[in-house]
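So the sequences go chain by chain: H, W and C.
By the numbering used here, the letter at position 230 of the first sequence is numbered 264, and the numbering carries on one by one without gaps.
By the numbering used here, the letter at position 19 of the second sequence is numbered 829, and the numbering carries on one by one without gaps.
By the numbering used here, the letter at position 285 of the third sequence is numbered 297, and the numbering carries on one by one without gaps.
Source of the hints: derived by calculation from the structure; they are not laboratory data.
Honestly, I wouldn't trust all of these hints.
Partner residues aside, some chain C positions facing chain H, computed with beta carbon under 8 Å [said to hold, decoys possible]:
1. Thr-161
2. Ser-186
3. Ala-191
4. Ile-195
5. Leu-208
6. Pro-209
7. Leu-211
Not close to chain C: a few residues of chain H, all C-beta gaps over 12 Å, as computed [stated by the list, open to error]:
8. Glu-163
9. Asp-168
10. Arg-175
11. Ala-233
Beta carbons: idealized from backbone N, C-alpha and C, even for Gly.
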Amino acid sequence: MPWSPALAGEDDGKPRRLVSIAMCMDELILRLADRDAIASVTWLSQDRRNANMAQAAKGLPANNGLAEEALSYHPDLTLAGSFTERSTVALLREVGARVVEFGVPETFDGVRRQIREVAALIGEPERGEALVADIDSGLARIPVDANRPPLGAIILRPNGFTVGPGSLVDEILRRAGMANLAARLDLGPYQQVPLERLATLDADVLIVDSDRFAAPSLATEALDHPIVAALSRRMKVVSLPSRLWTCAGPTLVDAVQTLAAATAEVRAREGRN
Amino acid sequence: MRIEAIDATVRLGDTNALDRVDCAVRPGEMVGLIGPNGAGKTTLMRVLAGLQPLQSGEARYDGRRARDFPRRELARRIAFLAQEGEAAWPLRVDRLVALGRLPHRDAFFGESAADAAAVEAALAAADVAHLRARTLRALSGGERARALLARALAVQAETLLADEPVAALDPLHQLQAMALLRAVARNGAGVVAALHDLTLAARFCDRLIVLAGGRVLADGPPGVLTDAVLAAAYGVEAVRGEHGGEPFIVPWRASAPSPGAGETGA
Amino acid sequence: MSAALIRAERAYGPLVVALGGLTLAATFASLAIGYVHLDVFAALNDVAHGRASLPALVLVELRLPRAALGCAVGFSLGLTGAAMQGLLRNPLADPGVVGVSGGAALGAVVVFYSGLAGAFSLALPLGGVAGAVVAALALYALVGRGAGTMTLILAGVTINSFAGALTALALNLSPNPYAAFEIMFWLMGSLVDRSLPQLWLALPLMLAGWALLLSSAPALDALTLGEDTATSLGFDLKRLRLTLVAGSALAVGGAVAVTGAIGFVGLVVPHLLRPFVGHRPGRLLLVSGFGGAIVLLGADIAVRLLPIHPELRLGVVTALIGAPFLLSLIDRMRREA
């Protein structure tokens, strides 16, 4: 049966069958839209370990990001991310579905912009404003000590990847009183760093991505290398799940809070010595 | 050491390679094992060497079974020379011959003076001492056969079982090898050699065992090789004679097919 | 005894010592080379005095396991290759070519991704050993006694294909999203960021394997003349096969479980060293072990010095050298046949 855009039933202009095929979009619509306006979210957002809104996502139909699946829910709006398969997005557009893509914001301003845009798209602008206000007030509560030089920090992700300069993470670190030492390693496009180089950067803080899955993999085992435990005796090691800062949303505040607390601890220790 | 095969039956595929064979070899005697291709000579040699599982019957060594001996003891006391000797790796001839000392050597210790002497003696006896530094592949067929014979001699075993040791050799070396084997037997060892050449067998062996179709046709001094036995075993007629007191037997032509059953005895 | 033979006999000792010395030197070089400049002597000094400085940390936790595993795994691969060639009387046998490494990788993958290794860490190398045993038994079943080169290679291809496919399947079945991309580690091998616990897991099994394999030296010498002659020289062939299967499985299984399958070392090294030991399979064992260690450490140093990012997998380097080598070997054997 051919899918037809005419099936969209919009009485007040608000989309009533939202489908998200990207995890960050899942999170936003779970926060901003009415539950009965959501037709489907990706299966990733239902994993308790790695999704911020897993509880809310439970019970909703899950998709694997495939065009066929998305169409089977007869969406009047499909939200995708810049990392969604290009062919999937192209296919959806070809059959006339309404697809809007959002990339990963690189600044807090970008985060605010994205929240507002998505809120407008789904017809809930006030909720978008409220969410932005939440984030701003959360950030405002975190003390800033602009006089002290930032602590040097480096991030360790699965497979020995780090996060390079020029992303949202940089701003998060800055807001928490840290500077991303990845700028010192001339990483080029590839961001995998041998543990040796990570260790000898002599950072003040090592941030370890603590997202875990039920099943093991070599990539996540790399985070448990004995040298990380050994380094924890020389520097502050902070466990930070990457899901907190991967997507635009209020969890960014949690990330900044955790890191700011670490900064405070290190400063206090230094003060004592 | 006295080696016996008692009522030995070996089944290979769907035929009996050996059918209730009894034979024995005693120290100090040289036995020639003769018979046509496929008669079971190699199988019998392997039975005597303890390499061939039997369907029925057994092999005995000084009256005992092989498993009553420690492996290495039997290896020291019985030397086996396989029919088609091949070496998987291009070893030097002297190293190849030295492999014959493995049953005597302690695994990881070097060779003793006795080992070295045995190797030298074997090289000389088989007339390959001048080839010691060559590899097998660089030798002619005859030289290769002598090198492998030297390996078997190096074991200095009480019994030497040689499966067609002279088939590839030229006449001079055939004679030398047979004389060598006889000397080994005279020195107290028991020697069994599977042979194709009837004259060599008759001249050099103390005893002949004639095999055909997995059965023993005759077992005794070279005189047992009568025309009847020859015809039954090989299907040939031979020209016989004598020179210097030693017999020669030259296969001359195929024997006439027997007109009825039972004319040729066996 | 002839002068030439005495010279050849006497050359073995110095050869072993020379190769052993080179192995130690290569291990030390591996300690000294890495992604950051490290004063090894200063770091060693720190370690000796119990100072937990950064260089000491990097040396002990990162460089030491990498160098030690490079040495041990290389030794295992060279030694196992020489042993398999001695048993199968075929210069093309190598744990990678005949499928034993592939089987070990499958065993390790099943144990690791199912979570069993998390519960019981020794399960990982034991899984590798089990996989290697199954592959070796499959090889023996397919190839039988004294099989020709064609049969051997076909059997190896079969086992490798099957093991590789099952490995990829196991990885895809894992719910961890990273797992599916890790096939390259298991099929190509790597020494990157190995840890001391991994070294302690693999080393005892490898040592046991080495002992079994080295003990088979006289039997392999005897086997040069064929199975009948070897038996008549006092060797129990059934026991020999068991010893070699067990030894290979332990040495290779333990290694592959922590570094993935690195190929061709066991093929190239024995071939290069064979003329130096007079083609004697028994003597080839120990020198191939050292040779394998030197080659693998050399390759590991090369991948760290080459300006290629991400770091080339070790198996890629050994394959780049080994595959053309294998081709030339096959070609030569074909021409001789």
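Checked hints:
{"no.": "1", "hint": "Thr-161", "result": "violated (36 Å)"}
{"no.": "2", "hint": "Ser-186", "result": "holds (5 Å)"}
{"no.": "3", "hint": "Ala-191", "result": "holds (5 Å)"}
{"no.": "4", "hint": "Ile-195", "result": "violated (11 Å)"}
{"no.": "5", "hint": "Leu-208", "result": "holds (6 Å)"}
{"no.": "6", "hint": "Pro-209", "result": "holds (7 Å)"}
{"no.": "7", "hint": "Leu-211", "result": "violated (11 Å)"}
{"no.": "8", "hint": "Glu-163", "result": "holds (35 Å)"}
{"no.": "9", "hint": "Asp-168", "result": "holds (30 Å)"}
{"no.": "10", "hint": "Arg-175", "result": "holds (35 Å)"}
{"no.": "11", "hint": "Ala-233", "result": "violated (5 Å)"}
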